[in-house]
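Asker: Okay, here's what each chain looks like letter by letter:
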Amino acid sequence: MVKKEMIAMLLAGGQGSRLGVLTQKVAKPAVSFGGKYRIIDFPLSNCINSGVDTVGVLTQYQPLRLNAHIGIGIPWDLDRNVGGVTILPPYEKSKGSDWYTGTANAIYQNLEYMESYNPEYVLILSGDHIYKMDYEVMLEYHKANNADVTIAAMPVPMEEASRFGILITDDTNKITEFEEKPAQPRSNLASMGIYIFSWKVLKEALVKLKDEPGCDFGKHIIPYCHSGGSRIFAYEYNGYWKDVGTLGSYWEANMELIDIIPEFNLYEEYWKIYTKSDRIPPQYISADAKVGKCIIGEGTEIYGEVTNSVIGSGVIIEPGAVIRDSIIMQDSVVGAGAVVEKAIVAEDVKVGAGAHLGVGEYAASKYDPKVYQFDLVIVGEHSVIPEGVEIGKNTAISGVTAAEDYQDGRLESGGYIVKAGGNV
Amino acid sequence: MRAIGIVLAGGNSKRMRELSRKRAIAAMPIAGSFRSVDFALSNMSNSHIQSVAVLTQYNSRSLNEHLSSSKWWDFGRKQGGMYVFTPTITAEHSDWYRGTADALYQNLDFLKKSHEPYVVIAAGDGIYKLDYNKVLEYHIEKKADITIVCKDMPADVDVTRFGIVKTNTDGRILEFEEKPMVADSTTISCGIYVIRRRQLIEMIERCANEDRYDFVQDILVRYKNLKRIYAYKLESYWSNIASVKSYYQTNMDFLKPEVRNYFYKEYPDIYSKVDDLPPAKYNPGAVVKNSLVSSGCILNGIVENSVLFKKVYIGNNCVIKNSIILNDVYIGDNTVVENCIVESRDTIRANTTYIGQPDDIKIVVEKNERYTL
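First to last, the protein sequences are chains Y and D. For the first sequence, the positions run 1 to 424 when my numbering is used. For the second sequence, the positions run 1001 to 1373 when my numbering is used.
Hints listed in this document are in silico derivations from the structure and should not be mistaken for laboratory results. Built from N, CA and C at the ideal position, the CB exists for glycine as well. Don't take every hint at face value.
[Claimed, not checked] A short, non-exhaustive set of chain D residues, derived as facing chain Y with CB atoms under 7 Å: (1) S1033; (2) N1059; (3) S1062; (4) S1272; (5) V1293; (6) N1334; (7) V1336.
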């Protein structure tokens, strides 16, 4: 009989609506990151590096890119005879069919998948965190405490603690209380949304709460286990960890990679991050190009100027173009003489020659001030920006835009143009 | 495809000087992210040849490591696959491969057990793209016994290290001279052959009976009047890297946009083993002009007209010009490297200078202790 000590369930179904037009047609875990990766590469690489070789990936929102990226798991060595990676979308059942209504509900609907591996422990992961973590060490900790549930937790500055789910522990790290975004936090230990459950405890809770609408780990399962007297421990993690759920944190996490010695270092031999590489050739820096403080992916050609930026693979920066403080994702082309400042340009975008992104003064977004508040120009994938237009700060653009979409050749700061379609 | 493939990757050459100490020529890194053998293998894969044997002998560790999985070239299928054949001791023979024909003879089982009617034999040291189906069509059309892929070289290139051919107007080869002292033609053999499988088996067996071991000398040259040997003219880019000068020049060719576009962007792709390295990183102080930079590199200094292979570290205030830096090289601060090829896994101390001449490229082999974080 198949027996896996610990299997992982990776939640990758969320839209990530706070990433605005970046996730209009792609699930957040499939968004590009750091020049050649996608966000989901980090938890997947952590799994294989930790010796967890059975991973169920729960997908729901716009899964095409994610499915194509993961395939049968070859880049992560997750193509296995027994186990490996399995994509788990919602499915039709004989009595009705449901979407995944919440994190725990998604796991509940895949009880059979988990049971088929006869696990002792189940690791619950999010598909939208950038970090390196050895889950095997966390499992040792779980076992040593004879715990039912272990929650990975990170100390955060006290003044920021009210933004997180806070864990209050006794001196053995056993959790005594939970506070969800408390106004007056009594601890600075924030839950990272990474859980190890003993399988029996998880199964019992999932079955018990199966009719809970939108059943969620943080809101329902953990409180249920806590009230039932389960032994819940906090596993303190002190390394680099970033939730890239907002445009601001996504931009920051990318920019931290270009520090001289980055806190999150991709260049260490130990604990490699794997990804599906579509491109092999080296990048070319032309005789007239200027590159300073940046990272650049495979096959990219730079003829212009790039500073303080993260450039993906297969990008072309034409002569005279200037890229500053920006993220340009794979296969995009920035036309000759264009200027791109403080922008996130998604995959396969054409920026016309002489266009200027990031002009003028900051203004609040007219589109969605909660999502777009980080003073960044956001250009969705497959978009086209016509030649010579000026685009203000804190703006959003998606779709094939033409000169007539820009009044007087300008898009004011805080403005937006969101059209259907793209240059697929 | 109606052919099986054989890649001859056993060779070594004195003309590679120090570079061939640690690897076969077919394993030489090329164009930043590739190895020489990737080109023949990718051409075979792109020509839908499913069953490929790679014959290796000389210092094959590097090559075997590169060929550790066949998935990169999309071989490794239930039908066909990629096989790496090194010399082995058997009941019949206990010799190294004494030549290319002997290498084929020692692996005659591979030829005999295949069922495809034709064989494509390609050297592992050619840099080119070619659909072997076109050569095969030509071969059939000319009713040839052997077809050799040939190239007309510019008049100013010294061709005496190649096989020189002369053909009639129909393309039939009338004369074939291997590495002559003086060449009287500029048409050379690219070391790529198409031949009927049964014909090849017969020739190889006869060759072995006569204690002859070399495919070119003992088959091509000797049979040229008896058999119909035809030249298929290759018009596109082709380069053989088996000398330091041509190896350097071939890498530098990739700085030209037309060569880069041809190999990197035009369909079909050249495949290689994927190394899972992070993007190249440019720190303040990096000034890079007209250069190729591969993944995993970290640059802090000046790099001009150079090709940096994977995982190269360039220290502060370094000046690298007209040079090729192979994989996993660490160059300490304030070091100057000009007109050099720096051997892979070298560690170069800070404050050192290596200067070669444009017509006499220096090969740098430095195995110092490396201290890295």
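Asker: Work down the list of hints and note, for each, if the structure agrees.
Answerer: Okay, the hints, checked on the actual structure:
1. S1033: holds (5 Å)
2. N1059: violated (25 Å)
3. S1062: violated (18 Å)
4. S1272: holds (5 Å)
5. V1293: Hint on D:V1293: holds, closest Cβ of chain Y at ~5 Å, below 7 Å.
6. N1334: Violated - the Cβ of D:N1334 stays beyond 7 Å from chain Y, reaching only about 18 Å at its closest.
7. V1336: violated (20 Å)
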